[in-house]
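Just so you know, the sequences run in chain order A and B.
Under our numbering, the first residue of the first sequence is numbered 1, with each subsequent residue one higher.
Under our numbering, the first residue of the second sequence is numbered 1001, with each subsequent residue one higher.
What the hints contain is simulated information worked out from the structure, not anything from laboratory work.
Hints may contain errors.
To be verified - Output of the computed footprint for chain A on chain B, the stretches with three or more beta carbons under 8 Å from beta carbons of chain A:
(1) 1048-1054
(2) 1065-1076
(3) 1081-1093
(4) 1097-1104
(5) 1296-1308
(6) 1311-1320
As the list claims (entries may be wrong) - Subject to a maximum C-alpha distance of 27 Å in a straight line, what follows is the list of computed DSS-like cross-link-like pairs (lysine-lysine):
(7) K1118/B with K427/A
(8) K56/A with K205/A
(9) K1118/B with K56/A
(10) K1330/B with K1257/B
(11) K427/A with K205/A
(12) K1038/B with K56/A
(13) K52/A with K1330/B
(14) K56/A with K1109/B
(15) K345/A with K207/A
(16) K1036/B with K1257/B
(17) K243/A with K307/A
(18) K307/A with K260/A
(19) K273/A with K285/A
(20) K273/A with K389/A
(21) K1109/B with K427/A
(22) K260/A with K300/A
(23) K41/A with K207/A
(24) K207/A with K43/A
(25) K52/A with K1109/B
(26) K205/A with K1109/B
(27) K1330/B with K56/A
(28) K307/A with K282/A
Using N, Cα and C, we set each Cβ at its ideal position, and we do this for glycine too.
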Amino acid sequence: MDNLFAARSTMAISLAFHIIFACIGMTMPFLMVISNWLWIKRKDEIYLQLTKAWSKGVAIFFAIGAVSGTVLSFELGLLWPDFMKYAGAIIGMPFSWEGTAFFVEAICIGLFLYGWNRLNPYVHWISGLLVGISGVLSGIFVVCANAWMNAPAGFDWVNGKAININPVAAMFNPAWLSQSSHMIIAAFIATSFAVAGLHAILLLKNKNNLLHKRALIIALSFGSIFAILQPLSGDHSAKDVAKRQPIKLAAMEGHFITEKGAGLTIGGIPDIKTETTNFGIKIPKLLSFLAYGNFNAEVKGLSDFPKNNWPPILPVHFGFQIMVGIGFLLAFVGVLFWILFWKWKDKITVNWFLKLAAICTPLGFIAVEAGWIVTEVGRQPWIIYNIMKTLDAVTPVPYQVVHLILFLIVYLLLSIMAVWLMSRQIKVLDNFRDLKRS
Amino acid sequence: MLYVVIFFFLVSIYIYCLLGGADFGAGIIELGEKRKFKERTRHLVSDAMAPIWEANHMWLIIAVVILFNAFPLVYTTLLVSLSIPLILMLIGIILRGTAFTFRHYDAIKDSSQELYSKVFEYSSLIVPFFFGLVVGSIVSGNIVTNPSSFYEGYVNPWLNLFSISTGIFVASLFSFIASVFLTSEISDKSILNGFILKSKKSIVAAVAGGLLVFISSIIDNVHFSESFFGNYLSIGLMLIATACLPLLWKTLEKGSKWISRILVGAQLLFILGAFYIVYFPTLVIIRNGSSLTFYNSAAPEITINYLGWALIVGSLIIFPALFYLLRVFKTEKKSAAGKL
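Build out the structure end to end from the sequences listed, making use of the hints.
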């Protein structure tokens, strides 16, 4: 296995692993804060049990997220030292802000998880809220750094060096808002629907369990709002990409030939050899309209760009189609939830709806991973778009495949542990409630 | 502003060694505990560390971020030349944090507890060792920027007596810090003496480790011992740190928790200071005789300025929050934190 491929794979699995826990870490505090608030206000013990049950899961996911995040701060340099040599001074600022935000998060989660008996209930609640807020902030800051890789700003690249560095312009590059908002919303959706799905599955086994019912409603109320907003954020992001990285857009759409009044292809299988996308559903003129607000705008095709600068088309295209497909499905489920909840309130837990929620459990996370494939693979062969190629940034240290295998084993092990620990927590929770009732 | 950044970098390393070091040391002490007291010591360590370990380990991230933001060449040089021990250190960090959390939060307390404890304890030993190995390698003068072989570039920098000795020294130093902190967590007088004895044993280990560092620097021809003993400030700080020891035993026996903690914190400051004064402002020594310093590897002024301000504002938020966290969990007589 060649070093560049091994290095790319190591970075990919590290990011793909970490992002799941980062999403959970950003979202769960808000769900817990809602159920904690309902406990404080309504004095209904089920909300207290729910908050504590969620906290136990969160503690585990938070720890895994924290250590995998530590790994990433080193991997940046372990795998891409020639990138960091230049990028460090330019885009280091959002990382320093992220460090502060995450620090506050780590302190507050200590207060929230362990301070039940030591803190005033409102102070305790605020510490939970601060975990969420600082978590979201750190997510925004770190995505600013990634956005910079797609929309480099705040420096001039002269003779292979960066001069006239402006950290503020770098951090608040043209892509920062669309990327960070899209990610935060995605994190909220993925986690909420996963939590809702899990409780739906447990409800299917035990129809009258109030804890699971309330959990489902809190998670879906929260997640559905963002699921409905996400297509708008997606549109914002896509218009952004159309302007700044037209080749990425072309890959996303499987759009090979430059065209005025280009049609939108839903699905389809791109064929690199014939440079066509087959079997898709084509809606005429819609791509031009969505990308540029004009039904007859010109949308650049892949063939307009030198082939050696093409990203891998298949993963980018399929990733995009999967992400958007899931996005619309979850938006639909979100709308459905509000209609049903408005009509039936607590009676929403009918079997068919629970099954639908259960099916949605992994979808948000699949969309998150698909989306990251779109943006990261879609940026290749660049590590800094149009400035530095990934192959010029990779570490000179040989045997990167060993590095890859080591971390593959570690992440696999942690994934198995996370699932196993969750199943044990659920088992104990259900036994406890059964005991309580009998 | 460069001095602000340098200050925060050194402070982050210091606090990481103190608080993060205590966490690692606690695992080492657990590892070395006699079988009949294992359970008790494990509970003591869990209760002491659980609410604060995540925050303690943030200082490493802060130091790393300052490094790649303000001194990027240092960051990349170290991560290339020392990639092998750093990767192993990272794996240790992952295993340690997760094993500790799983031990606490596994809903079913069965035979898996023993597995979590073992993973936690052994990784608590290897991380400080690799951390010290990296620190020793930075100044051992074997780092090569254009290696002609795999061994020369990526093994030799750290596979030497001096670096290994530094690793051993750091592990024993962290055990010492942990033993003092743990002792100050104890409210039961009957087990107090056992822990004070542990702290005395670990200071002996730390002193031995330190001697090993000096001896190996002579054997390996690393320019350390002569500089250290030729520097009055270094010797002076070391003497003060040593003089604190009898004071420390007294405060531990009396049960003066906060004074003991502050004393060991001061000792660490003097010890680290004594060692680093020899090298300041050098960050990395390259084999060809050149070195990367704070001054010659600094990022452009504008980057340093923004980072400096970010650190100042950030510390105004973080330090009060951290003091609050420690106050909430470290100022009660009983060592059990409010568990779920």
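Evaluation of the provided hints:
no.	hint	in the structure
1	1048-1054	holds (count 4)
2	1065-1076	holds (count 9)
3	1081-1093	holds (count 6)
4	1097-1104	holds (count 6)
5	1296-1308	holds (count 6)
6	1311-1320	holds (count 5)
7	K1118/B with K427/A	holds, 25 Å
8	K56/A with K205/A	holds, 22 Å
9	K1118/B with K56/A	holds, 22 Å
10	K1330/B with K1257/B	holds, 9 Å
11	K427/A with K205/A	holds, 12 Å
12	K1038/B with K56/A	holds, 25 Å
13	K52/A with K1330/B	holds, 23 Å
14	K56/A with K1109/B	holds, 14 Å
15	K345/A with K207/A	holds, 15 Å
16	K1036/B with K1257/B	holds, 26 Å
17	K243/A with K307/A	holds, 20 Å
18	K307/A with K260/A	holds, 21 Å
19	K273/A with K285/A	holds, 25 Å
20	K273/A with K389/A	holds, 24 Å
21	K1109/B with K427/A	holds, 13 Å
22	K260/A with K300/A	holds, 9 Å
23	K41/A with K207/A	holds, 26 Å
24	K207/A with K43/A	holds, 23 Å
25	K52/A with K1109/B	holds, 18 Å
26	K205/A with K1109/B	holds, 25 Å
27	K1330/B with K56/A	holds, 22 Å
28	K307/A with K282/A	holds, 25 Å
When each numbered hint is compared with the structure, no violation occurs for any of them.
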